[in-house]
Structure formats: structure tokens, C-alpha cells
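Peer 1: Chain by chain, the residues run as shown.
Number of protein chains: 2
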Amino acid sequence: MSDSIAVPTHWYNIAGDLPVAPPPHLHPGTREPIAADDLAPLFASGLIEQELSTETDIEIPEPIREVYGTYRTTPLIRARSFEKALATPARIYVKYEGVSPVGSHKVNSAVAQAYYNSIDGVAKLTTETGAGQWGSALAFACAKFGIDLEVWQVRASYDSKPYRRFLIETYGGTVHPSPSELTEAGRKVLAELPDTPGSLGIAVSEAVEVAIGDAAARYTLGSVLNHVVLHQTVIGLEAVDQLRAAGETQADVVFGCAGGGSNLAGLAFPFIREVLRDRADTRIVAVEPAACPSITQGEYRYDHGDIVGLTPLLKMHTLGQDFIPDPIHAGGLRYHGMAPLLSHTVELGYVRGQAVEQTDAFAAAVTFARAEGIVPAPESSHAIAAAAEYARSLSEPEVIVIGLSGHGQLDLPAYHSYLSGELG
Amino acid sequence: MSDSIAVPTHWYNIAGDLPVAPPPHLHPGTREPIAADDLAPLFASGLIEQELSTETDIEIPEPIREVYGTYRTTPLIRARSFEKALATPARIYVKYEGVSPVGSHKVNSAVAQAYYNSIDGVAKLTTETGAGQWGSALAFACAKFGIDLEVWQVRASYDSKPYRRFLIETYGGTVHPSPSELTEAGRKVLAELPDTPGSLGIAVSEAVEVAIGDAAARYTLGSVLNHVVLHQTVIGLEAVDQLRAAGETQADVVFGCAGGGSNLAGLAFPFIREVLRDRADTRIVAVEPAACPSITQGEYRYDHGDIVGLTPLLKMHTLGQDFIPDPIHAGGLRYHGMAPLLSHTVELGYVRGQAVEQTDAFAAAVTFARAEGIVPAPESSHAIAAAAEYARSLSEPEVIVIGLSGHGQLDLPAYHSYLSGELG
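Protein sequences appear in the order of chains Z and H. Under this note's numbering, the letters of the first sequence match residues 1 to 424, in that order. Under this note's numbering, the letters of the second sequence match residues 1 to 424, in that order.
Since the hints were made in silico from the structure, they are not lab data. Treat the hints with care, as some may be off.
One side of the interface only, derived from the structure: several residues of chain H facing chain Z at Cβ under 10 Å [stated by the list, open to error]:
(1) 21
(2) 48
(3) 52
(4) 54
(5) 75
(6) 160
(7) 164
(8) 350
(9) 363
(10) 366
(11) 372
(12) 410
(13) 423
Covered stretches of chain H, going by a simulated chain Z footprint (3 or more residues, C-beta under 8 Å) [stated by the list, open to error]:
(14) 40-47
(15) 134-146
(16) 240-246
(17) 258-265
The calculated DSS-like cross-link candidates involving lysine-lysine, where the alpha carbons are at most 27 Å apart (straight line), are [claimed, not checked]:
(18) Z:124 with Z:84
(19) Z:161 with Z:188
(20) H:188 with H:124
(21) Z:124 with Z:161
(22) H:161 with Z:161
(23) H:188 with Z:124
(24) H:188 with H:161
(25) H:124 with Z:84
(26) H:124 with H:161
We treat Cβ as the ideally placed atom computed from N, Cα and C, and that holds for glycine.
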């Protein structure tokens, strides 16, 4: 796994680089553009600054780069066996974030968020998590920077997939199933829908409510917001350089899965920068689950990030703040909205959406696992399926980059269900 | 994770380098030193050659190096946060094999064994597995080289930890709980002990029996034998170079966990080579579980590798071929014997054994996880516990190397049990 590419020194902020400025977040009460002060009860000051920044290159502080250095750069793998299995003339590269301590890209933002909160002297962080990738990443980061952590995990995942919950506990964090009786938001949902599998929108409301009520606590979000997307750009910054080092002049198409959007945006935005600078004409495909198709079926409008309406209004592709998707295995893709920055690039034509059925995602993932040895996260499998379909359709060589956001070793029961014919 | 150390081009065979030649394996019928022909029904020809070789440097074939290159070199991590947590003056380095596709060192030999069998035109491999590290590694390798795989998994692990079974199935392999009704050996044990948790010794008998009865099949063993130990020396060869690149003149002590012995030997033998060449005076500690203490409590004598007595007689530290250890979480350490080459180096004074209680292993592992972010495999945790105890006892700086043979993400229920106070 030797690699001559260095860990990036700066994150890339596409907000300062697009021909049309992205629509601002709005205050949920006044519907005016939100200001730093409005966000202060929720987020660390360094993160608020990033959320509102239009600087294109933002320096990564040394303590964060130090932790990045323990697992980055992550590999860009030429998937020759997968190409052979697909009988495609394409050259397929996979940017693999599963080598991080918790096995997913989520660590990239978790480390940054824990760091900026530690600078502000924050004693406790609250957050939501779906399948648990974000919760476990933040638990790792909180252990690193000495901060307590309380996590609300979507009940569907809490019940059926306890491993990541155990991982959060091993790092020292506390996990509650969401909706919970611990918050007003949770109690309200439980009163109406006692058997609900939960949703990220509900879990966000619970974690926000607790953070607002505790002066020593702050809230963290694992996707959607500008600062989260910013932190994830280390993925794409490395990939652009690695692809060039591999002798390719450009990526023709980049496929990534999109739930809240930070994984796809983190991978794609540095490739879009190449397009903006006329150095490439790369197309980007945001692959979402058919069960939660915010880009392909949602509306582009202002909506809340949570079910209760505590968060700022975000201009985004949304299925509505109260949308509760089926409990598909790709728990990380069960979110009603899409990162505003990503939604904006979709509107500007740099990114297109594509929805994939869960069983097609697993079929492609099994082919990939047998060819390349890596069992993909169910989330990432959606990108693999879309890329595989495209690669199979080609009669001339093209360069395809797939974002492999994490490994699926904690999702093996889902593979077992698929292989046993129990899905779809 | 950039690293200037190259993947080794040769494995290191300590059998040709020791001042006293290791005792030969004996034929189970004649008790004469075993010959290549005796092993032909069981193993691929290339592996038999390695099993009996006294050449010190054995070239790694290109197709194996190619697969190694997808995940090696593995990182040597300076565990500064762990040092701080232990308040030790020691400089602790961790050689981390968990970045392999299945998350453990077992892939190093699985790839080699599948390759040599593919050269011989073998259609099917059989094997045993405990916690499933070896089974999943071989399933990965068989998928790579187009070979069918049938695995007998120790029932204690099969029942309580299905994730690695699902992983084997995802790669396309078949898994049976052992003892099974599919073999004479299994039926015999079940008749006497219907509720047995199983053991590696029983599972070996079953896999060997099926391989012997099928001309197109061969058997593979994940530890113990000389050729397996040989393949694992890539770990130590890299670590010696990486430690030097980190500016250290030598390792003072190397700690590794020892079940069948291939992990410890693979890490340690290249360090012992430095001792043999008068370039270092490194001490080696083989850490075993208190529940299965073959070095510290066993006898050094000829014994079978399996319960029925189908395998060659091996001169080793053994608790007896019919010893069935308690179902501790470190399933990979539940083996009655110890690699003959490793046992021989113990007898020659290059290696000493140390037994560790399971709860002490988990306590050290949780400290390590919270400090370094990596959740260790329960097996590796034994080495971490012994190293931590030693590091805490130091008043002067020393250089400690710990073999972190794999990650524990598929063993998180064991951590949950430990954190809930359900163990010991």
C-alpha cells in the first residue's frame, strides 16, 4: 500500500469556486439568511466559520492532519479483476475509504469536528447515526480529543445491527435507540408511531434538542452541511492526484453513493474543480437508493434537516422532512434530503442522480467482493452497481472512478440475507 | 499510510539458519521422517517443497506478490497515544495486519497456498477454521485463484459469531459446523460428546478426511506447519525494515500472540535472524491464552496436529491432541499444539512463552482502542496485554514491537460482553 501522494494540506471549498453562488441557509424562524451567531448554540465556532466560508482553500490544522496521517492517504485501487468480471473495456479505479479505523469515510469529518469542538472547550457532543458509521467515527474522534459522546441511533439499525453500537461503546460513547423517551421530539414520534423503525430526521431532532439544552454540549452532523462536505474533500483531492500518478489524463465518469451527500461531494468536488478549470470534462453520478430517491424523485426547495424543524432551512433536494424510508440495509442512505452544496451542483448540471434497487446493489457488491476481495458497505454498493452497469455498456475504453466509502464487514448479515434469497 | 518500504521479494526460512536443525516431522504410521511423497495426497507440491526446505531465502512468485501488493506493506504504527495511556518511557510500535482484505494476517499464507494449489490444478480445497480468520482468508484467496472451498468451522465460533461465516459465503465458500455428520471423524466425536463446542483438532480431522477421499481436492492448514510460518515472515521482514526506517537501532522486545504459532513466528523470525547475525539482542515473547497454554503448560514432544491422528507427527509444545479448550473469544488461539519451528526456537532460548487471562486481554485492548482508534482482534489483545504490562514496568526507554494480527470489528460482541462485565 505504498503511495507517493501526500495527505492534503488544505480542504477544497467549492462554494467559493462555482459560477453561481449557492443559496444561503435560512433561519427557521425569520427565514432570513442565517448568521454565525444563530448557529453558535449548535456548532463549534471553527465549524460555523467553515459553514459560511467562500474561501476556496481552507488549511487543515496540524492536529487533524496528524490523525489523518494514521490512515491516509487511502488507496486508489485499479480494479482489474472486477473489470475482467464485467468484461468491460473500461479502466476502473476504486477510491477506498474502508482502511480508516472505523472502516468508512466518516472519520474524515469526525476528526475535524471533534478537534474544533475541543478547541472551544466543549465537554460533550451529541449526534445521530443510521447504520452507525457516523456514530462510530465520531466516537473514535471523541476518544482522540477527550470529549464525551451521546448518540441517537435510528432504531431499525440499533435493533438489527448491534456491532457498530458495540464499537461506539468500545470507544467510550453512549448510544440510545431513536426515537427515544429521552427527548420531547422522540416522545412525540413514539406517541404517534410506537412501532416506527425511526429515521435520521427524527434522530437529528433528538440530538439537536439535547445539545441546545446543555450549554457545555454541542451538536454534530455527519453529512449534509457545508463544513462536513468540506472535510470530505480529502477523498477527491487525493483521488485526482492518484489518478494522474497512475498515468490517466482524467476521469471520464465518477460514481459515488449519496445519502446525505458528503461522501459523493467529498469525492466529486475536486473532480468538478478540474472541470471548472477546463482541465477535464468529467461527469459525476450521485447514486441513491430507490427507497430514498431525493435527487431523482424529490423536490429542490428549502426544507429542514430534521423532522421537528429545529435545524436551519436548507435549499436542497428533499423528499420532505417527515419522510420515513423503508429500513433498507444501506442505513447510511436513509435520509430525506441532500447536501445543499451537492444539490446546487446538480442544478448547475455538474452532477446527475441515479437510483438503484437494493438487490442490484448487492448483486454488484458480491461480484466485486469475489473479484477484488473487499466486501463493500451496502451504501457503497449502490455506486458499484451503477458503475458496473455503465461499464458493461461501453464498447470503448473509459476511465471510471468509484467511491468505495467503506467496507461491509459489519453488514455481513445483509449479504447473508441477499445470498439466501431473502431480499426483494 | 505512505511507506517507502517495499513488499519483500523472498520469504525467510529460519529452518536453514538455526544453529541446531529442527526435528523432522514423522510419518504417523512408520514414525520415520516424512518424505515429500507421503505428503502428496494432502498438500500442493510447491508447499511440500517449502515444508521440507532448508533454503533460507525462498522467492515469492510474482502472482502472489501481486496480491500482496494490494494490501502490503502493512503499517508499522508508533503508538504514541497508547504509550501515554500507559505512562511508559517505552517507544511502542505496532505492526498492523488488520488492513488486509479480511482484516487479519491469515491472508499472507492463504494467497500462497491457493496459488500453489492452482498451479497443481487442484479444483477444491478443504480446511478448518476457528473464529473464521483463516477460513475467510482462504475464501478470499480461493476466489482470487478460482478454486472451490469447503470449510469446517469450530462449532463454538460457528454458532456465536456468524459474521465470518457470512464472509466466507460472500466470497463463494461453503461452511460446515465442526464436528459435523459429514465425516467419520465428526460422527465419532458427536457420538461421544454431542454437545461439544468443538476444537481445531477435530475440525482438522474432518477437513483432512475429505481431502484424502477426493483426488481433485487438497487440504490446507492455516498455521502450525513450516510452509505456513514461512509465508507469514513477510510481516517480520517488513517490520525489521520499517523499524530501522523509523530510526530505531533494534527492537528490545517483540510481543505476538500465539495460537498455532504462525503469526508470532512470522513476526519474530526475521527479528531472530538479526540476533543470529549478531546485529541485535531482541527478546521474543509468545503470548498465549491462559485457557490454552501449550508453551507454558504443555509438553515438548511428538504429537498429532489433529484429534484423530491423520496428520504427521510434529515435535511441538502440546497439550495433547484431544485437548478441548474452553470457548474463549480468541477462537484463533484455541489450538492444542504449537508450530514445530516456533517450539524449536523456544527450546533454543530465542523465544519465551507467557500466558494471559482473557479479561486482562480485553482490558488492555479497550485501552488500546480508545488511544489508537483500532479495535484489536481478541487474539492480538493477548499480545497487547503482555506488552502493556511490560511497558508499565519499565523505568528506562526500550523499543517494543507488538504484532497486531488483525482487527476486532467482527468480534465486537465479545467487547460488549467484556464492557458489560459478563466475562470472568
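Peer 1: Taking the numbered hints from earlier one at a time, note which ones the structure violates and give those numbers from smallest to largest.
Peer 2: 1, 2, 3, 4, 6, 8, 9, 13, 14, 16, 17, 18, 23
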